[in-house]
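Number of protein chains: 2
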Amino acid sequence: MKDFEFFLPTKVLFGKDVLKNIPRELSRLGKRCLWVFGKASIHKTGLYDKVKSLLQKAGIEWVELGGIKSNPLLSGVKKGIEIARKNQVEFILATGGGSVIDTAKAISAGYFYDGDVWDFYEKKAYPKKTLPIATVLTIAGTGSELNNISVIVHDEKKIKFSLRAHNLFPRVSFLQPELTFTVGPDYTAYGAFDAFSHVFEVFISREYSKDCITTDFMISLMKNIIKTSQKLVKDLKNYDLRANMMWCSSLALCGLTKTGIGAYKFLIHAIEHTISGAYDIPHGLGLGILTLGWMKQNKENPRLAEFFEKVFDLDVKKRGIEEGIKEFENWLNSLRFTKNFKDLGIPKQDLDKLAENAFYILKVWKAEKDISLEQLKALLYQCYEG
Amino acid sequence: MKDFEFFLPTKVLFGKDVLKNIPRELSRLGKRCLWVFGKASIHKTGLYDKVKSLLQKAGIEWVELGGIKSNPLLSGVKKGIEIARKNQVEFILATGGGSVIDTAKAISAGYFYDGDVWDFYEKKAYPKKTLPIATVLTIAGTGSELNNISVIVHDEKKIKFSLRAHNLFPRVSFLQPELTFTVGPDYTAYGAFDAFSHVFEVFISREYSKDCITTDFMISLMKNIIKTSQKLVKDLKNYDLRANMMWCSSLALCGLTKTGIGAYKFLIHAIEHTISGAYDIPHGLGLGILTLGWMKQNKENPRLAEFFEKVFDLDVKKRGIEEGIKEFENWLNSLRFTKNFKDLGIPKQDLDKLAENAFYILKVWKAEKDISLEQLKALLYQCYEG
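Protein sequence lines, in the order shown, are assigned to chains U and X. Each residue of the first sequence is one higher than the last, beginning at 1 in the working numbering. Each residue of the second sequence is one higher than the last, beginning at 1 in the working numbering.
Treat the hints with care, as some may be off.
Same chains, same names: a pair is fine if it fits in one copy or spans any two.
Only pairs whose alpha carbons sit at most 25 Å apart, straight line, appear in this in silico PhoX-like list of lysine-lysine [claimed, not checked]: (1) K299 to K124; (2) K129 to K31; (3) K258 to K11; (4) K223 to K258; (5) K124 to K210; (6) K227 to K339; (7) K348 to K16; (8) K44 to K128; (9) K369 to K237; (10) K210 to K234; (11) K234 to K296; (12) K366 to K78; (13) K16 to K265; (14) K11 to K128.
The set of hints was computed from the structure by calculation and includes no laboratory data.
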């Protein structure tokens, strides 16, 4: 096994009506907060009123930053930092999905920093001090509620970069599966695929390949996400399915899958960030299209065969790798994924430029050795009509 | 899924030569520490000198509490509290296995408490404030390095009680698998069985029985521990086996196996604490004998069938539960476990009294509904010559 560091200081409150603990838990973080949330749904579902009354009950004052959209923008982060500073908040409450939580993390990191918060995302600076963060999760997928990663889109550059820092773990995350009942089948599926991809990418790129508990844990996560997602898109208010999906997606990128197997590598994520950064498509959907394309390009990869053997229980030697790819495609079809970039409306003439942008991100992530620019272009063309 | 809280704030440094980080990590905890360790082995292996020079390098002063034995005594804890207070230490460094770490936790809890530290173990008081703890693990098994549990034996009463508190997680744990190379096949096996038992007991008593990630995670842990232990007792210096065993045993009782499946229940552990508290036998060995006895008494338990199906890949309907129990016994034989209490030298006339003591612990643990006193007696007699 490879050496590793494991640190996961977020307190998780998971289950029915865990929101009732908001007053107790948030009072520990301070008396004044910045409350970050998304678009209309928080009002439609009644969550805004619920959280508002709990904050009032706790005697916590707040200022609001609403309207954060998926593929969250740097401009929103900067606005948040300004509001937070003006009101001298003591902590940040994020109520939403990955985009809202990632925005909260970016504000947390930028609050005490004199320079441009984007410096952190370009690895030009590191956040020495951060504001505490609490999260209330409303969609499962990114795992941001249980890790120290933030992904933000630069408004002008249209690029999506990520930041990871030891002091960006939420202090407390409220995981109440019922809050995801109103997420439609499309975003339920995109979230599931994002979580799956967090494990799949590590599984296929891991340096330590002997059997160990971490490998088995990854296999279990992928199996659970695949099976649960298929049932869930047809049964959106099933508590146990929502709960299993929520906990799987939180665990998928919390650091456990990294223990003992070498460096985290997220090749397909890096490429996808280029696509969703530029065209504002759902991240999970972009990942699905790219992953299928990657499989078709990497049929000889022994890790891919191992994946089909262990996760799909397929005898690859006997039935062939194509059979595995077909089963994987069947899963995507059951999630009603769009088939390719063309159907998503991405212009074909942009592909070369997209490949170059993606290659730049790979360099920032120090993953440029895993694919050549030519292979990258070929992958994007494969995904265009594939 | 059931509601749960998950909190695991220990920082883990795992791998080859992680001890080199002792100066950096311990300096964060303070300038003066109580260093707790076990008997002769720390000197024989050179670990004492290694840690000593690292403490000196960090400019950390220390006072020592050595000689802690397995089934650690309350008297050692009290001595530690006295030394710690007299020297006004700022944190505790535990270098050893579960007994040493559990002693450190007890001292940590007792340091700021005016009453008798045993009050915590009898649930008459709760530790409000504790000293920070760092651990260097030298034997895998108890999982104490990654949880907030401490188990201590009362010298006069000869009973073993446990304490769990939110502020007793080690701040940092150094897991260097090579430090366990010198552990003999016997204690390697006892440690492995202890770790296995932490998962098995939860698996058979869990309230939520549908498939979910937690169940799969438990199955993976048990499979890994069984397979790895069989190889390990014949290959004691195999790094990958030692590493997998160490990480499995840390994960086995870190709280992850509890997520979503209901209350933790440790019936066999509660009973075994009575035995090893009274006769100072190895905890893991006592667990092995009792678990086999419990299986023979609970052949109709559907969870036991599920265990054999999922962990031993046995078709129980076709081959019968006895076949599973036989395979389980084969595993214990491969670990060279003593067969029964008689061979361990436990007097037969003590069994009734032991059963009564065990029943008392079950009441303290609020688990007395899971077995009657008569069943408990029958179990101990079963294990006497079984």
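Here is what the structure says about each hint:
1. Taking identical chains as interchangeable, the C-alpha atoms of K299 and K124 are never at most 25 Å apart, the minima being 38 Å within one chain and 63 Å between chains.
2. In this homomeric assembly, K129 and K31 come within 25 Å of each other (Cα to Cα) both inside a single copy, at 19 Å, and across copies, at 24 Å.
3. In the homo-oligomer, the alpha carbons of K258 and K11 lie at most 25 Å apart both inside one protomer (20 Å) and across protomers (14 Å), since each shortest distance falls under that limit.
4. In this assembly of identical chains, K223 and K258 lie within 25 Å of each other by CA distance both inside one copy and across copies; the values are 18 Å within and 20 Å between.
5. Taking the shortest alpha-carbon separations for K124 and K210, neither the intra-copy value of 36 Å nor the inter-copy value of 48 Å comes in at or below 25 Å.
6. In this assembly of identical chains, the alpha carbons of K227 and K339 lie at most 25 Å apart only when taken from the same copy (21 Å versus 43 Å across copies).
7. Taking CA atoms no more than 25 Å apart as the test, K348 paired with K16 passes in neither setting, with 47 Å inside one copy and 49 Å between copies.
8. Proximity of K44 and K128 under a CA criterion of 25 Å is satisfied in neither setting, with 38 Å inside one chain copy and 42 Å between copies.
9. In this assembly of identical chains, K369 and K237 lie within 25 Å of each other by CA distance neither inside one copy nor across copies; the values are 44 Å within and 35 Å between.
10. For the homomeric pair K210 and K234, the shortest alpha-carbon distance between copies (19 Å) is at most 25 Å, but the shortest distance inside one copy (37 Å) is not.
11. Taking identical chains as interchangeable, the C-alpha atoms of K234 and K296 are never at most 25 Å apart, the minima being 28 Å within one chain and 43 Å between chains.
12. For the homomeric pair K366 and K78, neither the shortest alpha-carbon distance inside one copy (27 Å) nor that between copies (53 Å) is at most 25 Å.
13. Taking identical chains as interchangeable, the C-alpha atoms of K16 and K265 lie at most 25 Å apart only when they sit on different chains, with a minimum of 22 Å there against 35 Å within one chain.
14. For a Cα distance limit of 25 Å, the shortest separation of K11 from K128 qualifies both inside one copy, at 22 Å, and across copies, at 19 Å.
Of the numbered hints listed earlier, those contradicted by the structure are 1, 5, 7, 8, 9, 11, 12.
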